[in-house]
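For the record, the sequence lines run as chains A and B.
Quick note: the first sequence uses my numbering, first residue 1, plus one each step.
Quick note: the second sequence uses my numbering, first residue 1, plus one each step.
To be clear, the hints were calculated from the coordinates, so they are not data collected in a lab.
Think of the CB as a built atom: it goes at the ideal place given N, C-alpha and C, for glycine as much as any other residue.
Just so you know, not all the hints are guaranteed correct.
Claimed, not checked - Residues of chain B clear of chain A, computed beta-carbon distances all greater than 10 angstroms:
#1 Lys17
#2 Pro41
#3 Pro262
Said to hold, decoys possible - No more than 30 angstroms apart at the CA atoms, straight line, and that leaves these computed lysine-lysine pairs for DSS-like:
#4 B:Lys142 - A:Lys82
#5 B:Lys142 - A:Lys17
#6 A:Lys82 - B:Lys111
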Amino acid sequence: MTGWQTLFYKEVLRFWKVSFQTIAAPVLTAVLYLLIFGHVLEDHVKVYDRIGYTAFLVPGLVMMSLLQNAFANSSSSLIQSKIMGSLVFVLLTPLSHWGWFAAYVGSSIVRGLAVGLGVFVVTLAFARPEFAAPVWIAVFALLGAALLATLGLIAGLWADKFDQMAAFQNFVIVPMTFLSGVFYSIQSLPPFWQAVSHLNPFFYMIDGFRYGFFGQSDTSPWLSLAIVGSAWLAVSALAIHLLRTGYKIRN
Amino acid sequence: MPAVSFQSVSKTFSTPKGPFQALDGVSLDIEEGEFFGLLGPNGAGKTTLISILAGLARASSGRVLVQGSDVQSDYAAARRKLGIVPQELVFDPFFNVREALRIQSGYFGVKNNDDWIDELLENLGLADKATSNMRQLSGGMKRRVLVAQALVHKPPIIVLDEPTAGVDVELRQTLWHFVARLNKQGHTVLLTTHYLEEAEALCNRIAMLKRGASGGRVVALSTTSELLQAASTNVLRFKTDDALPPALAAVARVTGRVVQLPAQQAEDIESHLATLRAAGVRVHDVEIRRADLEDVFLSVMAESRYPDPAAAPPPADGPEETAEGGVRL
Numbered sequence: 001m002t003g004w005q006t007l008f009y010k011e012v013l014r015f016w017k018v019s020f021q022t023i024a025a026p027v028l029t030a031v032l033y034l035l036i037f038g039h040v041l042e043d044h045v046k047v048y049d050r051i052g053y054t055a056f057l058v059p060g061l062v063m064m065s066l067l068q069n070a071f072a073n074s075s076s077s078l079i080q081s082k083i084m085g086s087l088v089f090v091l092l093t094p095l096s097h098w099g100w101f102a103a104y105v106g107s108s109i110v111r112g113l114a115v116g117l118g119v120f121v122v123t124l125a126f127a128r129p130e131f132a133a134p135v136w137i138a139v140f141a142l143l144g145a146a147l148l149a150t151l152g153l154i155a156g157l158w159a160d161k162f163d164q165m166a167a168f169q170n171f172v173i174v175p176m177t178f179l180s181g182v183f184y185s186i187q188s189l190p191p192f193w194q195a196v197s198h199l200n201p202f203f204y205m206i207d208g209f210r211y212g213f214f215g216q217s218d219t220s221p222w223l224s225l226a227i228v229g230s231a232w233l234a235v236s237a238l239a240i241h242l243l244r245t246g247y248k249i250r251n
Numbered sequence: 001m002p003a004v005s006f007q008s009v010s011k012t013f014s015t016p017k018g019p020f021q022a023l024d025g026v027s028l029d030i031e032e033g034e035f036f037g038l039l040g041p042n043g044a045g046k047t048t049l050i051s052i053l054a055g056l057a058r059a060s061s062g063r064v065l066v067q068g069s070d071v072q073s074d075y076a077a078a079r080r081k082l083g084i085v086p087q088e089l090v091f092d093p094f095f096n097v098r099e100a101l102r103i104q105s106g107y108f109g110v111k112n113n114d115d116w117i118d119e120l121l122e123n124l125g126l127a128d129k130a131t132s133n134m135r136q137l138s139g140g141m142k143r144r145v146l147v148a149q150a151l152v153h154k155p156p157i158i159v160l161d162e163p164t165a166g167v168d169v170e171l172r173q174t175l176w177h178f179v180a181r182l183n184k185q186g187h188t189v190l191l192t193t194h195y196l197e198e199a200e201a202l203c204n205r206i207a208m209l210k211r212g213a214s215g216g217r218v219v220a221l222s223t224t225s226e227l228l229q230a231a232s233t234n235v236l237r238f239k240t241d242d243a244l245p246p247a248l249a250a251v252a253r254v255t256g257r258v259v260q261l262p263a264q265q266a267e268d269i270e271s272h273l274a275t276l277r278a279a280g281v282r283v284h285d286v287e288i289r290r291a292d293l294e295d296v297f298l299s300v301m302a303e304s305r306y307p308d309p310a311a312a313p314p315p316a317d318g319p320e321e322t323a324e325g326g327v328r329l
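Excised from the complex, chain A in its bound form (with noise of 0.2 angstroms):
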């Protein structure tokens, strides 16, 4: 293997060697949104007029762990070693900026779909969604995963502690994914929330990944690409400028 090569395998095998933790619980916390979100909607709510609710939930909450997974692998991978001091390892190798960026959001797009894959083989058990553009749904998960790990590895490198880094996720992260349409369809919004909902990235990863399962969405899958695949190209001008100049790293 080469030197990135070996930094990716090392970051699969870290968040591998703690399943439990890193795939296993994001699954059980998907199935029980399902379980309470889908018991008590499904009688009530159909999407686009004929979608049940719970069907209709299950791209939306793979989506959302697979990008909440993807950002917690990047960033709390660099912020743990940087706190504990074991980013030195890698810090005193050759490893070009390129080879950390490939390695780190990488081994992040393979949890991000190992975990949104765990989310939805577990909820076929519930709900049988369709599959009218499979197409559309590896590219929304792989870009999804992608800018999520993207911004994962620069909230890893800006972070100094646990509490930022916290504060990053609680407060910017879970806030824009729950309200990107993954447990509704922002047609169902009054037009200013619908406008807000516009504004929001996260939105056109979710929108994007569900017309894949149900060939419809609230907006056309290309102008999701072209937003979401713009956000993914601009934050990583970013990273690879953080990690050339040894942003919070390299003193």
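Given chain A's structure and the hints, the job is docking chain B onto it.
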């Protein structure tokens, strides 16, 4: 070409209280195959200098070359040539010893490294800990793993930043035996330590850093034997429970009941003893010994003076580096 070349390296950190200059134009070369000691009190800038060499920090000005490779512009080549044992006792809690060493090899692109890893484990007394998780190891064992991690890619230059701080005698001996062997095989070794007897025994050349008004600077740079010869002093050592007369107290090194007084020549010893007798100080266990590196170190640290920005004395007042890289003490 020197193994390591520090060229006018300065470093200023930004702190909440304003800029803090840690290094002030440090220049020194470490030649291939040397066992080089970098000494200085806490805050003199030793670890900052090592950090700049390792790429953990960036010099504010000046540059550092590792066998000709610039640590910033050609960092990948420079880091391949360096094996750094960090000062902090850090470890990755997710892995066992062998996994940690395999991963570290992989970072440097070294494949199928198990033979060398086994040799490192054997030489550092870690063979029976290969499958132990890092969390289960004692501090001394973790330190050994740090050394092994620094050596997995067989670097020609080994940097040990206070590797024996707080470790037991057995590890010290294992470590020095192994590092001395690597040095004999041609590896260049750069050592920072507070244990001056170690530096005296191991290093063939030594630089001493001291913090001045504008950051750490080199105040002595010479071979170990030249430094000891330059001191050319003896030490009168005795024990006492009484207070020393002020004239002697000013120059004495006191550790508990043990008092050590520098004595350039035999007359100084007589004079010291006469002063003690006159003051009624009762002494016992009296001995005279040659000055060691600790005496030289203390003498250099006490005597070196830096140009004060407000009232700069002539540079010749303090110890100065000679054109040959030696030092006038």
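We went through each hint and held it up to the structure:
no.	hint	in the structure
1	Lys17	holds, 16 angstroms
2	Pro41	holds, 21 angstroms
3	Pro262	holds, 40 angstroms
4	B:Lys142 - A:Lys82	holds, 18 angstroms
5	B:Lys142 - A:Lys17	holds, 21 angstroms
6	A:Lys82 - B:Lys111	holds, 27 angstroms
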